[in-house]
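Student: Fit chain to chain and form the complex, with the hints in mind.
Going down the list, the sequences are from chains A and B. Sequential numbering of the first sequence, starting at 1, is according to this note's numbering. Sequential numbering of the second sequence, starting at 258, is according to this note's numbering.
It should be emphasised that the hints constitute simulated quantities derived from the structure, not laboratory data. Treat the hints with care, since some could be wrong.
List time: in silico BS3-like cross-link candidates among lysine-lysine, alpha-carbon distance up to 25 Å [to be verified]:
(1) Lys330(B) with Lys166(A)
(2) Lys166(A) with Lys371(B)
(3) Lys371(B) with Lys357(B)
(4) Lys249(A) with Lys360(B)
(5) Lys384(B) with Lys252(A)
(6) Lys321(B) with Lys166(A)
(7) Lys361(B) with Lys166(A)
(8) Lys363(B) with Lys166(A)
(9) Lys257(A) with Lys310(B)
(10) Lys252(A) with Lys357(B)
(11) Lys330(B) with Lys51(A)
(12) Lys360(B) with Lys166(A)
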Amino acid sequence: MEQTRNTNLPEKILRCGIISWIIVVTVWGLGSLGYDEYFLPSPKETLDSIKTLWKDGTLQADIIASVWRVVRGWLLAVVTAVPLGLAVGSFRPIRWLIEPILSFFRFVPAIALTTLFLMWFGVGDKSKIALIVYASFFPIFVNTIAGVASTDRSLIEAASCMGSSKARIFFTVMVPSAVSNIFTGVRLGLSSSIICIIAAEMLVGSDGLGYLINSSKLYYKTGWAFAGIVSLAVIGFAADRLLQFAGRKSLKRFGVK
Amino acid sequence: MYIRLEHINKSFGSMKASDDVSFGIEKGRLIGLLGPSGSGKTTILRMIAGLEKQDSGDIFIEDKLVNDLPSSKRGIGFVFQSYALFPYLNVYSNIAYGLKIQKKDKAFIDNRVKELLELVGLPGLEKRYPDQLSGGQRQRVALARALAPNPELLLLDEPFAAIDAKVRKELRTWLRETIDKIGITSIFVTHDQDEAIEVADEIIITNNGRVEQTGAPDKIYLNPKTPFVAQFIGQSTVIEHYSRLKGFEHVKGKHKAVIRPEFIEIHKFTDNGHHDFETAMEDGTVADVSFRGSAYEVKVDIGTLVLTGRMPLGSEAPKKGDKVKVLIRQLYTFDDSSTEIVGNSALVSGEVYYI
Numbered sequence: 001m002e003q004t005r006n007t008n009l010p011e012k013i014l015r016c017g018i019i020s021w022i023i024v025v026t027v028w029g030l031g032s033l034g035y036d037e038y039f040l041p042s043p044k045e046t047l048d049s050i051k052t053l054w055k056d057g058t059l060q061a062d063i064i065a066s067v068w069r070v071v072r073g074w075l076l077a078v079v080t081a082v083p084l085g086l087a088v089g090s091f092r093p094i095r096w097l098i099e100p101i102l103s104f105f106r107f108v109p110a111i112a113l114t115t116l117f118l119m120w121f122g123v124g125d126k127s128k129i130a131l132i133v134y135a136s137f138f139p140i141f142v143n144t145i146a147g148v149a150s151t152d153r154s155l156i157e158a159a160s161c162m163g164s165s166k167a168r169i170f171f172t173v174m175v176p177s178a179v180s181n182i183f184t185g186v187r188l189g190l191s192s193s194i195i196c197i198i199a200a201e202m203l204v205g206s207d208g209l210g211y212l213i214n215s216s217k218l219y220y221k222t223g224w225a226f227a228g229i230v231s232l233a234v235i236g237f238a239a240d241r242l243l244q245f246a247g248r249k250s251l252k253r254f255g256v257k
Numbered sequence: 258m259y260i261r262l263e264h265i266n267k268s269f270g271s272m273k274a275s276d277d278v279s280f281g282i283e284k285g286r287l288i289g290l291l292g293p294s295g296s297g298k299t300t301i302l303r304m305i306a307g308l309e310k311q312d313s314g315d316i317f318i319e320d321k322l323v324n325d326l327p328s329s330k331r332g333i334g335f336v337f338q339s340y341a342l343f344p345y346l347n348v349y350s351n352i353a354y355g356l357k358i359q360k361k362d363k364a365f366i367d368n369r370v371k372e373l374l375e376l377v378g379l380p381g382l383e384k385r386y387p388d389q390l391s392g393g394q395r396q397r398v399a400l401a402r403a404l405a406p407n408p409e410l411l412l413l414d415e416p417f418a419a420i421d422a423k424v425r426k427e428l429r430t431w432l433r434e435t436i437d438k439i440g441i442t443s444i445f446v447t448h449d450q451d452e453a454i455e456v457a458d459e460i461i462i463t464n465n466g467r468v469e470q471t472g473a474p475d476k477i478y479l480n481p482k483t484p485f486v487a488q489f490i491g492q493s494t495v496i497e498h499y500s501r502l503k504g505f506e507h508v509k510g511k512h513k514a515v516i517r518p519e520f521i522e523i524h525k526f527t528d529n530g531h532h533d534f535e536t537a538m539e540d541g542t543v544a545d546v547s548f549r550g551s552a553y554e555v556k557v558d559i560g561t562l563v564l565t566g567r568m569p570l571g572s573e574a575p576k577k578g579d580k581v582k583v584l585i586r587q588l589y590t591f592d593d594s595s596t597e598i599v600g601n602s603a604l605v606s607g608e609v610y611y612i
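Isolated chain B, as found in the complex (with noise of 0.2 Å):
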């Protein structure tokens, strides 16, 4: 493991930003931190980083036990959510300032910062200040100011909250391909699932100050280990009484279940028509339609409950009212501690699940 935390513990007076907080990391990897805010996932970054001091634990970096090393001397790369560019400073002074510590040399600098600026895609804005650039632009500097020394692991702080929508999107595909050219270990901090999804090859998911399961975002997604991450992790409804649905049983000490929309079949109710699978749909009543861009995300309700489903862009859009058959496909079902998956038993056996 390229890098170590072991049982950290760190408290802001009465509250727990770390409760035993214990994972490593590979070299090269791109790890997500994703939680809800207050979750302690900033905290974590800046104890990496050496911003905040652990009260308990060891942090290894390249097996080097880093806990007196000042942020310094960790050899890292930081950027974060407020940019912190020197406004003082033009782009190219803000890019050469790790540089200049260094001591490199002028030519080697200017090499350096042209080259960086040609990464981030920002060639010829070496004369700019910051209060000249848009926030997305902004954020490239930091990340190049933030690689000009040559870091050993990039660490960024929630780098898009501040950044609109749209931009935010194709920072992070950008920020992706950047950090796969240059093949750096990366953690960043988010509390945006899609984020973390789209860009980590690997997410560590926080909560209350713990971690609650680390894994490649598909695994997380599929198999949810804990309450907190089938609830966390997609767009999930969480519902009680779920054995009343057609094709689900009571599964012991479990109470409540998460569905998802990608778990339910919304289909047109037809009089004379013919569902496969009957016995196990629910019939339902069109609450609300919204159009996604891609489908319409439709509110069902089947009387006990209103699940939230998705209809693709067909030939009529759904509306309100409207009579509907809904399959549920599976659910996880959940006590304080764990989590299962659990199928519809009233569809044909060796039907394939898809989600």
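Isolated chain A (complex conformation) (with noise of 0.2 Å):
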């Protein structure tokens, strides 16, 4: 037994992905010898940036502005795509009439819009929340209308033979089974949540990480950009380990994983 545990410690290191990112650090760390911090900022000089912008309180206002706006907008698309999502895939011939129209949206990426958004919406938030929307609905849609489609056929059939109306079915057989791949969906739509609320907020807007990171450049603080990139990286990782631990806990007989 105790061997055993022995001979698994390095494997488990390795999974656990501290290696990784000592080698990351290590690469960052030394490839920045050979620049000054305006080019590229060691480790070190960003771990400063993030210090300094804590201690003001930008960073942290920025981070809340920035996820305030996803968590909005992601909700907001999760309650619209899901139950819309469900009653597509359930029904045939509105998956047909929806398919179509759906593959042509899919090549259009949410930082395409974002003029047409602010003209829409104005250059508030309104206008990014808008954007996250339009992001995070395609992949929880497109994944929940999957989900329900691929129901196993014979389940539904056994619980047509034990007597169960089709409004029951779609309640008890075809939601069920769907949530695997609405889970995914909802992952799926936080990360695009979170990549197109930079790009907007880099192109408008006096508040987040987005604007922290395109607005170094006006004072020559590359070490902040870094700043806004890491919490970024940090946030984004953190929410989708978050949602998937939420769901493997919570979501598990539905085979979630």
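Tutor: If you want it as structure tokens, here you go:
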């Protein structure tokens, strides 16, 4: 027992990702030796930037601004895309009607719509949230439809033979069968939201991590841009892991892994 | 007749799955729908369940025409080959599914689930999820679930196909006993003739979308009515030129014949020994021997063809190359539409055939 644990230890360390991060930071650190901090700040300089921004409160304010936008837009997308996807997925004629439109819009990224949305929804939060909704709606919607449509036929037939009505089959068979796919869509939607909010904040506005990254060039503070990027990566990573963990804990029975 | 199918036709594209299928089933019987894969047996079962709609023809359950009745209103229990248990519900909720639709109260459901789990031999497994059960256990739960709403008719689609051989045999006997206990009219689909013969009161044999023969397993075994059945049932070898065999004359119009191992007796050859029915026997050489547990399966080359027979586990195992005497007691001759049993004419008349 003791021995197996020992032999597995290197494998465990490798798998948990620490080594990967040590490599990234080392390469980054070595690389930064050849350049000044305006071109490529070192890990240490980046950490100092984070500390400075944290102390004066800008970093927290920007993080909160970005996260708050993402949460609102993403949740709005979830509550609209999931029910719509369930309805479309369970009704074949509508699915046939919707699918061509979907495949058309799938190739129009949210960023491409930024200008239009600014025009339509103004320069405030509204246009940014609208962009997030657009960005995260499609992955959630498409996955929900796929989840419902791929419900195991024999489960539906089994329910029907036991006397289940169409409506009951929808709620007790099709929806539970789609949960795993819906959850995948929700996760993808979250990452799309984060990607698109940074782009939107870089274009317009006066707060958020995107603004921080973009505005750093005005002050020749490359370290700030790095601070923003690192914060962004950490937030995204943490949010996804948290979501995955919550899903695995509460939706395990529905096949969420 | 409790269930009647009248002139059922069903096509999938150019494939005719049911070709003028008609038969009746009496209440309380256990029926085996037997046929090779693609013979249309599952389609028949699914049409009775209302999961598939026939192109033409009528289906009656208890003298009621059910053509337009959806599966949810037919009062049937259906057991799927893939079990089709809801993976996100535990055993209790799976079995209770149909009872909740019937709006039974909690105490009733609790009792019924408990009772059914005892019936299928899995008491206390309420909290388990399907992925925590073995294949055999899942199929038992699937049966309990199908029986829970008290259906009038139980339909099973290849219920044991996905279960390994040893457990399958146990489950067969168990299914027979369980169905006897509750006395429900049941139809099960299988491609395994042993399963059908062992379990069913009555067998319906299908081929190419048609019903070839119906009847009790032993009757069908002894009296195959069509060439297909003669070849399909039993461990049959089809031979041509059967009139070359000792004791058999050509039957007009019937050019082929079926021989089963139990029609053949194989005797060890002794130079000075005397064999009964010497004139009726063929000389042969053992071509192959395999041990089958209860007997040796022996392939004998008699010059014109190779026959398969059995030899009891005796003092000395037959070896490849051994000289043997082969007695063919009977065979089935057939043409395109009918079969006929032909006995060995060289045998002394009055000899009792046993098969």
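Student: So, against the hints stated earlier in the document, which numbers end up violated here?
Tutor: Violated: hints 2, 4, 9 and 11.
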